Amino acid sequence: MSRAALSIRSKLLLLLLPFVVAVICLGIGRYFISVPDTVRVLFSPLTGTAAEMDSTQLSVLFGVRLPRVILAMFIGAGLAVSGAAFQGLFTNPLATPDTLGVASGASFGAALALMFSKNLLAVQISALVFGMCAIILTTLISRQKGKSTIIMVVLSGMVVSSLFQALVSLVKYVADPQDVLPSITYWLMGSLTGISYSSLMLGLPFILVGTLVIFFLRWRLNIMALSDDEARSLGVNVKRIRLMIMFAATFVTASCVSMCGQVGWVGLLVPHVARMLFGSNNKNVVPVSISFGAIFLVVIDTLARSATAAEIPISILTAVIGAPFFIVLLRKTGGTQL
Amino acid sequence: MTFEVKNGCYRYPGTERQVLQNICLHVESGKVLSILGSNGVGKTTLLRCMMGMLKWNSGESLLDGTPLRQIPERELWQKIAYVPQAKTSVFSYTAKEMVTLGRSAHLKMFELPSAEDEKLALACMESIGILGLKDKQCNEMSGGELQMVLIARAMTSNPAMLILDEPESNLDFKNQLTVLNCIQELSRQRGISAVINTHYPDHALQIADDALILNRDGTCVYGESTEVISEENLNRAFSVRVCIRSVEVENEAFHCVIPISSRSAAAQ
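Just so you know, the sequences run in chain order G and P.
If you count the first sequence from 1, position 67 lands on 67 in the working numbering, and the numbers rise without skipping.
If you count the second sequence from 1, position 34 lands on 372 in the working numbering, and the numbers rise without skipping.
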């Protein structure tokens, strides 16, 4: 339980660990590839030895698993960091993309766009717009006399979330049951299957940019825990920073949702683990969340695709692990802080 | 440094009561001004108006002769530091992290505090004698400890003036003394001026050079603390009959304000 600043060694470890886990997970699946083989095949295009490699291994790694593992890393890191950002922003341990209604808003935006076009960019933008609507709504409802209590934020998040879920149901109701409905339903369950490099290229930059903004503002996030007067008297433009972080976190959430549906719990679980290990300083919480989030989702997704013969939707697995954790958290903090 | 308020008036929008009326005050380097008044009379409002967090309806605050609103925020907060009432928050930071936050005004938006900033934070903690708290969680501290941490945080920006909102309420005897002595030392030894809100006339007499008593009707009595904090003025502001006695202990004069009886409204 070290609460001091991260040492160089742990920083290096945080940076490398997701990649190590990714390489190991790349080999796991119905067609097993050993770690040395995985590394050799992965680097073969760079060393110009691709022709000498086993063609099955090549196509399994590059055609199927690599885009999926990359996606899992980004989604995990993105959802975890936006969870950390929302928690810091609202000074609320329960604020996450799911509880604030951002994920539902983005889902509605994405579902709405899916009804008219399959263009991922359109889906992303629509998800972002409605994600923003949701977070603004939640903020407005929960703010009374310039202050919002933890319980008000959670309650208004619930209301906004169920509003947008109803709208999603409406979209499903009017969608064409032959073609559009199955794709919306399947996508909503959250899956990383069948991602292509071209859609990766379209979605990942959004997640990357949002994550970087939060990463570089991470120390400022600490100040959001203080009262407005206090923060202002520290020479901080509270409004601007709050808006920037809110926008960045919504940006990340919306991209994640439009690429693989609602994957719950990551934004709650990972930042809390980070806080338990390294204290509440967001200077540590944000990078640790990014790293652990990537690891967490890569591992979960590997389980989802290889634990049973048929693929398990990933949101089921995150909930199965997330819910018990949440209960423990509630029991631990319930009396004093909520 | 001189800080001035000229003819400040304030009324909350949508309400009738004139909270502050024609407030004039003047603080020089190394001087301590205390603001007294009964609960809800507008002491905190006065501080917020002074610092520009609320806008005066008329009148203005001046720092070295320049109106506050003409000074860029970051520059302003490098000269003035605000110490709020100690409150715990949901996420707990260590004292060192909390004190380091005070360097915010000196850093750019995306900048992180450097090793220099952290060293400075520790130096500030050492200078007011709380270095031992550096790794303690703020949520696990006593009120007095947390208040001292907040003062250290304010000191990191090397301000010319401290503004403290009831720094010694909710503290026990000893902690009150620690906080008051700390303010007194900062002003006497380093020439930092201080404006403090307080509930205790005794404390004002003890450490303040000047005093300002806010009345219910928004007017104030302002002047040297020994003159302003008189039986008559306190009587009017607090509706309490008091008597002030001076006691000499070990060659030092201490003033005590003894409340005799609360005056009923009819007796006015």
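Keep in mind that the hints were calculated from the coordinates and are not lab data.
Bear in mind the structure is a predicted one, so any value in this text is a computation, not a measurement.
We treat Cβ as the ideally placed atom computed from N, Cα and C, and that holds for glycine.
Heads up, some of the hints might be wrong.
If you want the ones that stay clear, here's a sample from chain G, every Cβ over 10 Å from chain P, calculated [to be verified]:
no., residue
1, Asp54
2, Ser199
3, Phe326
Stretch-level coverage of chain P by chain G, calculated; a stretch enters the list once three of its residues show a Cβ under 8 Å from a Cβ in chain G [claimed, not checked]:
no., stretch
4, 397-404
5, 414-420
6, 532-544
Return the numbers of the hints above that this structure violates; sort them in rising order. 4, 6
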